[in-house]
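Peer 1: What follows is the residue order along each chain.
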Amino acid sequence: MAEEQKEAKPKKRMTATKAAASIGPMVKEFITGTLQARAEGKQKLAYTFIVCHHEEIFRAMDVVPIWTENFAGICGAKRDAERFLQRAESLGLSRSLCTYALCGIGFDQWREELGQMPPDAPWGGMVKPDFMISSGQILCDPRSKWYQASQQFMPDVPIYNIDLPYPLFQRDQDHREVLGYYHRYIVKQLRGLVAFLEEQTKKKMDYDRLRELVDLSDRTWNLIEETYDLRKAIPCPMGTGDAMNTMVPINFMMATQKAYDFFVELKKELEEKIARGEGEVENEKYRLMWGGGLPSWFALTDFNYFNSKGASFPVETTYRMVAPLKEMDLPETKDPIEHLAWRWLGYWTFWYDKARKRPGSEPDVERLINRIEEYKIDGVVMHEAFSCRTWHVGLIWQLHQLAKIYKPIPVYVVGKDGKKEKVYRELPSLILESDIIDITSYSEVDTRNKIDAFIETLESIRMNRAA
Amino acid sequence: MTKVVILKEEIIASVVGPTGPEQRRLANKVMEETLRKASLSFPQITYIVSTGYGRINVPFSDRQVTEVTCHARGIVHLFSGARTIIDIGGQDSKGIKIDASGKVVDFVMNDKCAAGSGRFIEVIADTLGIPLDQVGALSLQSSHPVKISNICTIWAQQEVVSSLAEGVPVADLLAGIHYSLADRIVRMVSRLRVEDLVILTGGGAKNKGLIKALSEQLNRSVLVPPNPLITGALGAALIGKEMVEKARKNKTPIETRERVFKEVEIL
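Top to bottom, those sequences are chains Z and E. So for the first sequence, this note's numbering puts the first residue at 13; every next one is plus one. So for the second sequence, this note's numbering puts the first residue at 24; every next one is plus one.
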């Protein structure tokens, strides 16, 4: 069968930091940890999604999360997603749906049909959960539909959906006016989750433990901010390629001491690299921002290709799913559930006030502008993954807005007729087109041709500035 | 197509030849032909810059530069006021934004879909049995361009065949095809904030129907170089010339490859 054919093993991406290099075994460890937990039968296991601010609740209840998006990403990175995508397609699901979801659904169907893991399942495979926690949040619509589709093959596995909305940005309305309503609703949703988990695990929530874990997460959030801020250094000690590894503790290990310790080590490593003047690339010529879009997990070596041209990525918006808590002005509360809800709202509305102050800006664009200024960025790279609408649909619009708003000091250049001409410094952008895990959408030759042309554009701008 | 331009102060010779799977061998052939035309021997060529998708497959190239930079350089040489370049080739299409000094400041490329490249018109011309060099002029005879609803080349081909069977005039079909391609390209280049002068280059620039469709949809005049097929090669030659002049001025050595044609078999 075609679906049993595996693709060629991908080349390994070179990392700039030891911390990023340590991530692979860490991910493998928590995948094998889920297999072990299933075998031992002492803990309940739950399918769930990242960026739901519910990890603390899971861990306080000793529920083991199975990050289904992460498993699909692993299949993609190992270039072993195609057989699961094909299986989902043969079930009648379109390839243009979220390929994370397709990969997961294809895997679930195969595992349930066999009554065991599909042959050579990446890192031992994704275990059958005891229950599934979906999320009807604004971020992504497959998050509420994916598990419903998987439930066809696991009718005995219940789904609990948490709804996590936040007020959308409105220039003429202060979001604080409605924040209280949203907060009450989210608190109710999270308490509903606690009740569901109590029922499933037959245990009561230990609120002291939950409070400790929330405090640990908060400290980790601030530590991540401090660590990533170090990447402002010139040369930049760690790029986005590495950040696509270090996103693992941020998104899959929050509320664990291991995640906190990881960033302690990474911060130390970056400080040492800065002290030695050591950059991600030996001779840093261009500083780029990964301005949006999930990466092609099967083509992370493209970051090395950028690096080989002297381009470093000091900052990215993707997977930096934390914001400085000290700048959020969150209401004081002793109730950890209430705090989680405030933190959720604080994160999603973090750029609202700044965006409101700049005419024509929007929160996503404001974040780009701030990063460009803080990290001294020369160009923006985005990735349009065809199968991910929610994250990718607004990228070109963001670039348009950025071009309208971001007008730094004018530059005078000598035109062909010898006269001086006033121009505004352009911030060149590159949009890569492919997918998160569907390798059939990717061409290394075309991608690298675009990267070459982009590097030449950056070089010509650099020479213009020098002139 | 494989193109060669030999440049001194002005173009000495240029040749456009087909590109086949054996790019390395073909590069030799087209180069030999151009040298013959210019009455030059190979060692008399000071510096060689290759460009395009096959740039790494030119065994005697001293430097490789992407087609974005080369098109920009070639066009600015021909139109000093150029700000936006649209290149429509058989393999892809591009939009390039350049500033007053002629430097590239941004670009967009479509290399994913044949329906956004000159290949779209090639396929339809083939389906209709009309020589490619006649489709543009024929499309201008249309009084009621049809709307082509399929955005996939293969399905558009089917749509054209069905419409033809229904008696839709060929000129209206061709006009529809040109508007359809122009529409996709205009949407792509709009990201660059199109500014005058707009220059159309590549094989698409030899098609009058496409020039008209683009001009109408951009709501601007679209200028075309005298020989749009060679602007990339011209740019490569100009870049090579500048590099040599700069090296001579700075008294730095110029590294070049041996000027011999090696027989290369890659298939």
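Calculated from the structure, these hints are not laboratory results. Note that the coordinates shown come from a computational prediction; the quantities given were computed from them, not determined experimentally. It cannot be assumed that every hint is accurate.
[As the list claims (entries may be wrong)] Non-contacting residues of chain Z with respect to chain E, defined by C-beta distances greater than 10 Å in every case (computed):
1) 50
2) 182
3) 264
4) 272
5) 286
6) 313
7) 330
8) 403
9) 411
10) 440
11) 443
12) 464
13) 466
14) 468
15) 469
16) 476
[As the list claims (entries may be wrong)] BS3-like mimics (lysine-lysine), calculated; alpha carbons at most 27 Å apart, straight line:
17) 321(Z) x 269(E)
18) 264(E) x 321(Z)
19) 244(Z) x 140(Z)
20) 297(Z) x 272(E)
21) 231(E) x 297(Z)
22) 274(E) x 297(Z)
23) 270(Z) x 140(Z)
24) 269(E) x 297(Z)
25) 235(E) x 321(Z)
26) 338(Z) x 270(Z)
All C-beta atoms, glycine included, are put in the ideal place defined by N, C-alpha and C.
Peer 1: State for each hint whether it applies.
Peer 2: Verification of the hints:
1. 50: holds (41 Å)
2. 182: holds (27 Å)
3. 264: Per Cβ check, residue 264(Z) is outside 10 Å of chain E; nearest 32 Å; holds.
4. 272: Nearest chain E Cβ is 42 Å from residue 272(Z), so the label holds.
5. 286: holds (32 Å)
6. 313: holds (18 Å)
7. 330: Holds: least Cβ distance 21 Å, greater than 10 Å.
8. 403: holds (19 Å)
9. 411: With a cut-off of 10 Å, residue 411(Z) comes too close to chain E, as the shortest Cβ separation is near 7 Å.
10. 440: At about 5 Å from chain E, residue 440(Z) fails to clear the 10 Å cut-off, so the statement is violated.
11. 443: Its Cβ does come within 10 Å of chain E, the nearest being 7 Å, so this is violated.
12. 464: Violated, since 5 Å does not exceed 10 Å.
13. 466: The assertion about residue 466(Z) is violated, with a minimum of 8 Å to chain E.
14. 468: violated (4 Å)
15. 469: Non-interface label on residue 469(Z) violated, nearest chain E Cβ at 5 Å vs cutoff 10 Å.
16. 476: Non-interface label fails for residue 476(Z): nearest chain E Cβ at 5 Å, not farther than 10 Å.
17. 321(Z) x 269(E): holds (22 Å)
18. 264(E) x 321(Z): holds (23 Å)
19. 244(Z) x 140(Z): Roughly 43 Å between the alpha carbons, so the hint for residue 244(Z) and residue 140(Z) is violated.
20. 297(Z) x 272(E): holds (25 Å)
21. 231(E) x 297(Z): violated (43 Å)
22. 274(E) x 297(Z): holds (25 Å)
23. 270(Z) x 140(Z): holds (25 Å)
24. 269(E) x 297(Z): Status holds; Cα separation ~21 Å.
25. 235(E) x 321(Z): violated (40 Å)
26. 338(Z) x 270(Z): Between residue 338(Z) and residue 270(Z) the Cα gap is close to 23 Å, so the pair holds against 27 Å.
Going through the hint list in order, the structure does not satisfy hints 9, 10, 11, 12, 13, 14, 15, 16, 19, 21, 25.
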